[in-house]
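Asker: Start from the sequences and build out the full structure, keeping to the hints where you can.
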Amino acid sequence: MRSCPIGAGRGLGDPSALTSDPHGGFRVNVRPTLISLLVLSAPLGAAAQNQPATPPAQTTPAPAVPAAPQPRTIPAANYVALGVYYYEQGKYDEAYVAFRAASELEPGNGNALLGLGRSQVKLRLYSAAIETLKKLITVDSRNISAYIALSQAYQQQYIGAGDRASVTGNLAEALRVLSDAETLAQAQTGTDRSVSLSKVWNERGYVYKLQGDGPQAIDAFKQASTLNPDNAIFLYNLGDMYYATGNLPLALDYLQQAVIADPRDPYNRAYYAKLLALSGNVTAARPEAAQAAKLAPDNAYAVGEYGVVSYLSKDTVTANAQLTAAIKLDPLRYPEFYYYLGRLNLDGGDLKSARDNLTRAAALGSNTPEYAYYLGLSYERGAGIMAPDKVKARENYQRALKLNPNYKPAQDGLARVGTS
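Counting from 1, position 205 in the sequence shown corresponds to residue 205 in my numbering; the numbering is continuous, with no gaps.
Among the clues, some could well be false.
[Said to hold, decoys possible] What follows is a set of in silico ranges between Cβ atoms, one per label pair, in the way DEER data are often shown:
#: 1; residue 1: 316; residue 2: 210; range: 31 to 41 Å
#: 2; residue 1: 142; residue 2: 332; range: 31 to 41 Å
#: 3; residue 1: 412; residue 2: 192; range: 50 to 60 Å
#: 4; residue 1: 73; residue 2: 328; range: 55 to 65 Å
#: 5; residue 1: 328; residue 2: 161; range: 39 to 49 Å
#: 6; residue 1: 75; residue 2: 352; range: 56 to 66 Å
#: 7; residue 1: 264; residue 2: 284; range: 14 to 24 Å
What the hints contain is simulated information worked out from the structure, not anything from laboratory work.
We put the CB at the ideal spot given by N, CA and C, even for glycine.
Answerer: Given below as structure tokens:
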């Protein structure tokens, strides 16, 4: 999912700055760097003022030692500014610390609460985020950004839930919150109205996508793009939905527009490169993928998609290097990269590595039938000391068919190994 958060950072920060609170919250361990940045302009030399002066002559009375200055109170606005900085850098744990400090100093500070709620979502503290953003709406009921962030929190909690049954009402609640946001946006005028409504429609598109309603998601993203035609994220989302619904030509068209609208965005360019490769145009795909990885060498998505394009281009050396690097950058977010690395292993006859990587792909991407199928294929084959395991092959082919009963490769695989 791509939207318009506080800043451009998209990774998950290291929560080492936080320690668990027995009541489900978090205790703040403020790092030295945080304090040093905040008090950069604070008077220095307080300690020096407490040092004794050179002993005077006995006949001269000693001057009175001046009282030490009172500790300087750091304004909440400073913490908010620091939180925004950290958020934009993708350092969500530090952003959390700063925004929480600001909200404790000024409990009604809307910017602090918005930043805190968004940081909590990034750290997967979904219930806490929902409560924070509800509090913000109570404090400022006309803050459209608060409603949109609350809708995002409901969506992310739904996505991250191990048991979807426990969060069945989240998507309906997300849509309800967006209806409230639309009512506020309709009351605005001019450019503000168009921009706010475009954000509402974009979020609706995400919810419809999660509900499995492709046509309605496309309509919502179109509404967003019509209201705000130069927004590269909306163009990306349209391209993504057209690809998800099987329309590769339109997907390529919108992804190309997204790249033109924001040439330095690595996500747009990397995704466009992969779709070019999937369409068979590997000649055009490779330089686009290489450029995306060059723009953001620490971005796991850009690096990994360069690996995917390299695999599809039959450049196994680059594919292995880029896919391995992407997994090191972010081991849990992109099952696709384990999948293609497993395919690479399978092609090379390294069944042990293939099974390991495809197992990870199937675990992280448990709703993707291709991952289960290729895991089954790796168990159906044998090489050297790695014997075939028809039981596990059958289990994974059946799993793929449960996800997609019409998936022909899995049907053929099951026919080869038998149903029992």
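Asker: Each hint should be assessed against the structure and marked as holding or not.
Answerer: Here is how each hint holds up against the structure:
no.	hint	result
1	316 x 210: 31 to 41 Å	holds, 36 Å
2	142 x 332: 31 to 41 Å	holds, 38 Å
3	412 x 192: 50 to 60 Å	holds, 56 Å
4	73 x 328: 55 to 65 Å	violated, 43 Å
5	328 x 161: 39 to 49 Å	violated, 27 Å
6	75 x 352: 56 to 66 Å	holds, 58 Å
7	264 x 284: 14 to 24 Å	holds, 19 Å
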